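Asker: For this one, chain Y is given, so just place chain R with the ligand on it according to the hints.
The chain contents come next:
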Amino acid sequence: MRVPLRWLSEYVDLVLDPEELARRLTTAGVEVGEIISAGDWQNIVVGEVVKLDKHPNADRLTLPTVDIGGGEQRQVVCGAPNIAVGQKIAYAAVGARLIDGHSGEPTVLRKAKIRGVESQGMVCSEKELGLGEAHEGILVLSPEAPTGAPLADVLGDTVFDFDLTPNRPDLFSMLGIAREVAALTGQKVRDPSIQYEEKGAAAKGRAKVSIADPDLCPRYVGAIIDDVKIGPSPDWMQERLTAAGLRPINNIVDITNYVMLETGQPLHAFDYDRLAKHHIIVRRAEAGEKMELIDGSKHTLTNEMLLIADAERSVAVAGVMGGFDSEVTKETKTVLLEAANFNGPNIRRTSQALKVRTDASTRFEKGLSQHLPPIAAARAVKLMVEHAGGRAAKGVIDVHPGKAKEGRVTVTMERLVRVLGMEPSTARVREILTALGFGARWMPPDRFVVRVPYWRTDVSIADDVIEEIARIEGYDQLPTSQLRGEIPELVPQPRRDLRERVRDALADAGMQEIITYSLTDLESLQKVLPKEELAVAPPLRVSNPLSRQWEYARTTLRHALLDTLASNLRGDQSLISLFEMACVYLPREDDLPDEVEMAFGVVSGREPDRWGRPTGEPAGFYAAKSRLDHVFSALRMTADYREAKESAYLPGRTAEVFVGGDRVGLIGEVHPQVVERFDIGREVAMFEVNLDALLPHVSEIVHFQPVSPYPAVEEDLAIVVGEDVPAGRVLELIRASNLVANVSVFDVYSGDPIAAGKKSLAFAISYQAEGKTLSDAEVAKERGRIVERLQRELDAELRA
Amino acid sequence: MASDTDIQQLEAAALKDLDAASDIAALEEWRVGYLGRKGRLTGLLRGLSSLSIEERRTVGRAANELKERLEEAHEARRHAVEEARVEQVIVGERRDVTLPGPPLPRGRLHPITQTMRDIVASLSGMGFQVAEGPEIEWDRYNFEALRIPQDHPARDMWDTLWIDYEKDGRRPMLMRTHTSPNQIRVMEQREPPIRIIVPGKCYRFEATDATHEWMLTQVEGLAVDEGISLADLKGTLAEFARQMFGRDRKVGFRCDYFPFVEPGMECRIDCFICRGDGCRTCHHSGWIEILGAGMVHPEILANAGYDPERYTGFAFGMGVERIAMLRYGVDDIRHFYSNDLRFLRQF
Ligand SMILES: [Zn+2]
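Here the protein sequences line up with chains Y and R, keeping their order. Read in order, the letters of the first sequence are residues 1 to 800 in the numbering used here. Read in order, the letters of the second sequence are residues 1001 to 1347 in the numbering used here.
In isolation and in its complexed conformation, chain Y is listed as follows (with noise of 0.2 angstroms):
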């Protein structure tokens, strides 16, 4: 909502300058998002367009001369295909302060030559100037503007651009922000006048209105006003149109959309002698019922939509825009003027479902009073009479079977207490909502019965009230304190904490943590998934995505890491190692996707040397394990890993993982072919973890082992198996022994002298007994028992 300030001065006196005006009404919760202020035009002036010849090297481009006054004259260079001579335009000579039309930045004006021809200066567009977006054309302003003039002498006015919130449709107009300014600046609001004479015949008898669906049209009334003259707006009223983002076009329609910015009620202008019957009806429209509207649209509509038709056809949809056949044109003589009052939702509805956005159906869906139709009539019959040449019509019609109540509300001095932590007097409470037009009424001992003005449709409860004294007063000037009490009961969070302990964990073993979007596209996950999984479980789909690319809600993010990884390849082969925490939504039957809580990574290129240069080993199964074991290491758990086929995983170099006898995820080298689809180009090994199966074997609390105070004996043991035999499985039986303490695998060899479908297995084992030191004999029986169990479950050697 645009405000110039010229003419809010109408309705109140300005007593701030713009900015701290500006300030306070922010403060209170009206906040203006820009000033636009008529700017620094210094060296603008008003020109006159008295020649106009063609560029000799552009079609596209012309040079005008610009009387600029004082007798002097100055030839430019235009793009603009709106210019012609006798125009009155705005000059900027060099060395003015402009907006770049392109960029949008503020930029000064240079002399320079265009196409091979020097501009003496520039004829400016309104975004050129700070006054809005337009740069297709000049700003063209009134024939009447000084020749030379300084252009703030013709245009100078201090906008307001105001972002509003939905809960005050009061604040759409002019008055509604005069009363905000009013209040806050302790001035007097000056009501327009609405008053005019009555010459023509009485409306009663003239025209009929019907409305058939009361729920959706509580008020409709009608104005008619004869001998109307069709013409242009005055001056004044053009240049406060354009001021406040509005197109003047004739006298008519700009005094309906100049009294909706004056008071915030939509009107609408029909052509009297076009309306059948000159009968109104406000009805639902028939399902499949077609129609044509102003711009030119064409519609079906739904019985859910209300319609204002004649007797025989439809010629508006309802706040929403009017229809084609019956607007206002050149030969208009009578008007029949709609001020109404619809029902926000339904018009909310209407209009998404239409996708047309007028100022009217912003302002009726917002719930506008049932007081102001028959003000705004009288407002918008007053200035037809006076600018269209118009008879006002004895009386209107005004059809209101949904009379609301008017609103009351009752605020103890307990309540505004126990809200804003303070209690403000009385007096002052009085002074504020009778400056909002609140009228406030004392009840001793304890309360106020609060009279809400019909046009704040938003207040209708006493926490209502009492924001306005607190937003009037000044949030800034309440009370501050720190929360008492008791602090609730703590409610443990596991999965959270897990969470968290593993993020920690991935970063503690070198890994960069990425966020990436929780929507994909297919293509993504078809690249790392099997089509028949995504054909069996299909995500779920996002009905309005934003692009094609974020349309799946993923259920996986194995692209994800990989698109980021390919997406940091900077061409050598530094090792680069990601991991994200973020849930996969996995779909349910008629209800909430399952979200499941995962941990991914991946590492790739290769380790660094002394010097941190990549020229170790490619980064591979191992890597990913390590960072993976590094994490379960931070948990205080073991995992077992056994070799898997996946998709997505290259076989042979796979497997999933499985802690305390839980299936809870997945590592591997990731398939050369799927490494391939992100054109990455080196190997990538990957890990997903699943939290939410990892969290029943979580154990929060570490139990203490005594050290043992007697020596442990090491010992290395060499074995030779056949080559398929996992180490896992070599460790397992190790493990069994009750006498040993430790065991870790330290060489793996296969080659001479090793026979062909061996290998050598190497492990350190540490013996240990509790309660006493172990003799050289019992560690050597022990070992016998190992090896012995070895050879036969395993047809294990010892190495020689």
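Note that these hints are calculated values from the structure, not bench results. Note that the structure is a prediction, hence the values are computed from the model and not measured. We put the beta carbon where it would ideally sit given N, CA and C, even for glycine. There's no promise every hint is true.
Derived DSBU-like pairs: lysine-lysine, alpha-carbon spacing no greater than 30 angstroms straight-line [as the list claims (entries may be wrong)]:
{"#": "1", "chain 1": "R", "residue 1": "Lys1016", "chain 2": "R", "residue 2": "Lys1038"}
{"#": "2", "chain 1": "Y", "residue 1": "Lys382", "chain 2": "Y", "residue 2": "Lys394"}
{"#": "3", "chain 1": "R", "residue 1": "Lys1038", "chain 2": "Y", "residue 2": "Lys772"}
{"#": "4", "chain 1": "R", "residue 1": "Lys1201", "chain 2": "Y", "residue 2": "Lys531"}
{"#": "5", "chain 1": "Y", "residue 1": "Lys403", "chain 2": "Y", "residue 2": "Lys208"}
{"#": "6", "chain 1": "Y", "residue 1": "Lys531", "chain 2": "R", "residue 2": "Lys1016"}
{"#": "7", "chain 1": "Y", "residue 1": "Lys199", "chain 2": "Y", "residue 2": "Lys330"}
{"#": "8", "chain 1": "Y", "residue 1": "Lys394", "chain 2": "Y", "residue 2": "Lys277"}
{"#": "9", "chain 1": "Y", "residue 1": "Lys113", "chain 2": "Y", "residue 2": "Lys127"}
{"#": "10", "chain 1": "Y", "residue 1": "Lys290", "chain 2": "R", "residue 2": "Lys1167"}
{"#": "11", "chain 1": "Y", "residue 1": "Lys127", "chain 2": "Y", "residue 2": "Lys51"}
{"#": "12", "chain 1": "Y", "residue 1": "Lys355", "chain 2": "R", "residue 2": "Lys1016"}
{"#": "13", "chain 1": "Y", "residue 1": "Lys382", "chain 2": "Y", "residue 2": "Lys208"}
{"#": "14", "chain 1": "Y", "residue 1": "Lys394", "chain 2": "Y", "residue 2": "Lys405"}
{"#": "15", "chain 1": "Y", "residue 1": "Lys527", "chain 2": "R", "residue 2": "Lys1201"}
{"#": "16", "chain 1": "Y", "residue 1": "Lys758", "chain 2": "Y", "residue 2": "Lys645"}
{"#": "17", "chain 1": "Y", "residue 1": "Lys625", "chain 2": "Y", "residue 2": "Lys527"}
{"#": "18", "chain 1": "Y", "residue 1": "Lys758", "chain 2": "Y", "residue 2": "Lys772"}
Estimated spans, in silico, between C-beta atoms of each pair [as the list claims (entries may be wrong)]:
{"#": "19", "chain 1": "R", "residue 1": "Arg1171", "chain 2": "Y", "residue 2": "Ile701", "range": "39 to 49 angstroms"}
{"#": "20", "chain 1": "Y", "residue 1": "Lys531", "chain 2": "R", "residue 2": "Arg1171", "range": "48 to 58 angstroms"}
{"#": "21", "chain 1": "R", "residue 1": "Gln1346", "chain 2": "Y", "residue 2": "Tyr710", "range": "49 to 59 angstroms"}
{"#": "22", "chain 1": "Y", "residue 1": "Gly652", "chain 2": "R", "residue 2": "Gly1036", "range": "47 to 57 angstroms"}
{"#": "23", "chain 1": "Y", "residue 1": "Ala718", "chain 2": "R", "residue 2": "Thr1058", "range": "48 to 58 angstroms"}
Just some of the chain Y residues that point at chain R, by a computed CB distance under 10 angstroms [to be verified]:
{"#": "24", "residue": "Gly29"}
{"#": "25", "residue": "Gly95"}
{"#": "26", "residue": "Asn167"}
{"#": "27", "residue": "Val419"}
{"#": "28", "residue": "Glu467"}
{"#": "29", "residue": "Tyr475"}
{"#": "30", "residue": "Leu483"}
{"#": "31", "residue": "Asp508"}
{"#": "32", "residue": "Ala509"}
{"#": "33", "residue": "Gln512"}
{"#": "34", "residue": "Ser567"}
{"#": "35", "residue": "Arg570"}
{"#": "36", "residue": "Leu578"}
{"#": "37", "residue": "Phe579"}
{"#": "38", "residue": "Ala582"}
{"#": "39", "residue": "Asp609"}
Answerer: Just chain R with the ligand now, with coordinates in the frame of chain Y:
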């Protein structure tokens, strides 16, 4: 049989060998060889058993004196070798202290995670506990229970991504537009006093630019109890803002509208650039908005089954990206989820 001669010979040999030992390992070997439990001197003393008591005493004394002399010589030699070793380091094996050590991998948390943790830590200190909820939600929780019914113009404040799922001719499932729905879920399950924060991802049907992202991270706070007032809300937010942005910040409040609070407000801090005078960054207001808040609307308390005459509460919500941008001076919100390592590694 041991004699004086044996002792003299042993001494000569020992001193010769000691001279030859040029490092710590050789010295240790020498010590074990001569003075150890199975060393030559011990061997010599063992031979004394065949002598007369008188001889034994004489030779024994001589042997003990030799042991002391050898130990002294060993100590001196050891000292000399260590000195020589240090000398050698200084001369030929010194470290260039300006060279780096071998690299250790360094992982970092995403700046949004870091900021989120700081926010949670600050509010935890004031007794707020984390309560998480689903990212894909019902319209009922995301809007209706928060006083934003169908066809309410306030829905424009949260442009929504809808899930393609229809029931009874409506689309009831959506990507949550804020973490506020979890307020309702928690109030349905618990009784006052309540003091929670809800962190999590949210989604908007919104074109992206330097200050807008369609995926964002929010922290929502809710406190409900007897005797909670707007003054407590102001105090809580002011303390939070100073913990996050520095104790010398000015914290201000202005009226704002959210359907689920009454009165509603926006919390702001003085502009980083102009410190309150007004500049381009703060749209000449002198203030930078950091979060929205207000007193929980009595209707919402009543819907949760709480007596709105007895209980009051406040709620607040903030965008973590916005807080991170202000703290780190990040000029474009799109940096966060483009995951360029050159950006991420700065935090
Ligand atoms: Zn500033």
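Asker: If a hint holds in the structure, say so; if it does not, say that too.
Answerer: Each hint, compared with the structure:
Straight-line distance between C-alpha atoms of lysine 1016/R and lysine 1038/R comes to about 20 angstroms, which keeps the hinted pair within the 30 angstroms bound. Of the pairs offered as hints, the one joining lysine 382/Y and lysine 394/Y holds, with about 12 angstroms between alpha carbons and a cut-off of 30 angstroms not exceeded. Restraint check for lysine 1038/R and lysine 772/Y: the C-alpha separation of about 28 angstroms stays at or below 30 angstroms, so the hint holds. With a C-alpha separation of about 29 angstroms, the suggested pairing of lysine 1201/R with lysine 531/Y holds against the 30 angstroms cut-off.
With a C-alpha separation of about 20 angstroms, the suggested pairing of lysine 403/Y with lysine 208/Y holds against the 30 angstroms cut-off. Our distance criterion of 30 angstroms between C-alpha atoms is broken by lysine 531/Y and lysine 1016/R, whose separation comes to about 83 angstroms. Between lysine 199/Y and lysine 330/Y the CA atoms are separated by roughly 23 angstroms; this keeps the pair inside 30 angstroms, and the hint holds. A threshold of 30 angstroms between alpha carbons decides the hint, and for lysine 394/Y with lysine 277/Y the separation of about 20 angstroms falls inside it, so the pair holds.
Between lysine 113/Y and lysine 127/Y the CA atoms are separated by roughly 22 angstroms; this keeps the pair inside 30 angstroms, and the hint holds. Taking the CA atoms of lysine 290/Y and lysine 1167/R, the gap is near 29 angstroms; set against the 30 angstroms cutoff, the hint holds. At most 30 angstroms may separate the alpha-carbon atoms for a hinted pair to count; lysine 127/Y and lysine 51/Y meet this at roughly 24 angstroms. In summary, the hint linking lysine 355/Y to lysine 1016/R is not supported, as the alpha carbons are separated by about 107 angstroms, beyond the 30 angstroms threshold.
As the CA atoms of lysine 382/Y and lysine 208/Y are separated by approximately 22 angstroms, the hinted pair is consistent with the 30 angstroms bound. As the CA atoms of lysine 394/Y and lysine 405/Y are separated by approximately 28 angstroms, the hinted pair is consistent with the 30 angstroms bound. About 25 angstroms separates the Cα atoms of lysine 527/Y and lysine 1201/R, which keeps this hinted pair within 30 angstroms; it holds. For a cut-off of 30 angstroms, the pair hint linking lysine 758/Y to lysine 645/Y stands: about 24 angstroms separates their Cα positions.
A threshold of 30 angstroms between alpha carbons decides the hint, and for lysine 625/Y with lysine 527/Y the separation of about 23 angstroms falls inside it, so the pair holds. Proximity of lysine 758/Y to lysine 772/Y is assessed by CA-CA distance (about 38 angstroms); at most 30 angstroms being required, the pair is judged violated. Checking the proposed 39 to 49 angstroms range against arginine 1171/R and isoleucine 701/Y shows it holds: the Cβ atoms sit about 47 angstroms from each other. Separation of lysine 531/Y from arginine 1171/R is about 28 angstroms and departs from the stated range, judged on CB atoms against 48 to 58 angstroms.
Separation of glutamine 1346/R from tyrosine 710/Y is about 52 angstroms and conforms to the stated range, judged on CB atoms against 49 to 59 angstroms. Taking the beta carbon of each, glycine 652/Y and glycine 1036/R are about 55 angstroms apart, inside 47 to 57 angstroms as hinted. Distance hint check: the CB atoms of alanine 718/Y and threonine 1058/R are about 56 angstroms apart, consistent with the given range 48 to 58 angstroms. Because the beta carbon of glycine 29/Y sits about 3 angstroms from the nearest beta carbon in chain R, less than 10 angstroms, this interface hint is met.
Of the supplied interface hints, the one on glycine 95/Y is violated, with its beta-carbon coming no nearer than about 22 angstroms to a beta-carbon of chain R, more than 10 angstroms. Interface restraint check for asparagine 167/Y: the shortest CB-CB distance to chain R comes to about 5 angstroms, inside 10 angstroms, so the restraint holds. The closest approach between the C-beta of valine 419/Y and any C-beta of chain R is roughly 6 angstroms, which is under the 10 angstroms cut-off, so the hint is satisfied. Checking glutamate 467/Y against chain R by beta carbon gives a least distance of about 3 angstroms; that is within 10 angstroms, so the hint holds.
For tyrosine 475/Y, the interface hint holds, the least distance from its beta-carbon to any beta-carbon of chain R being 4 angstroms, beneath 10 angstroms. Restraint check, leucine 483/Y versus chain R: the minimum CB separation of about 5 angstroms is within 10 angstroms; hint holds. Against a cut-off of 10 angstroms between C-beta atoms, the interface hint on aspartate 508/Y holds, since the closest Cβ of chain R lies about 7 angstroms away. Proximity of alanine 509/Y to chain R holds as hinted, the smallest CB-CB distance being about 6 angstroms (cut-off 10 angstroms).
Contact between glutamine 512/Y and chain R, as hinted, is supported at the beta carbon level, the nearest pair being about 5 angstroms apart and thus within 10 angstroms. With a cut of 10 angstroms, the hint placing serine 567/Y at the interface with chain R holds, because the nearest CB-to-CB distance is about 7 angstroms. The interface hint given for arginine 570/Y is met, as the beta carbon of that residue sits about 9 angstroms from the closest beta carbon of chain R, less than 10 angstroms. Checking leucine 578/Y against chain R: minimum C-beta separation of about 8 angstroms stays under 10 angstroms; hint holds.
Hint on phenylalanine 579/Y holds. Least Cβ distance to chain R is approximately 8 angstroms, under the 10 angstroms limit. A distance limit of 10 angstroms between C-beta atoms decides the matter here; for alanine 582/Y the minimum to chain R is near 8 angstroms, and the interface restraint holds. A distance limit of 10 angstroms between C-beta atoms decides the matter here; for aspartate 609/Y the minimum to chain R is near 8 angstroms, and the interface restraint holds.
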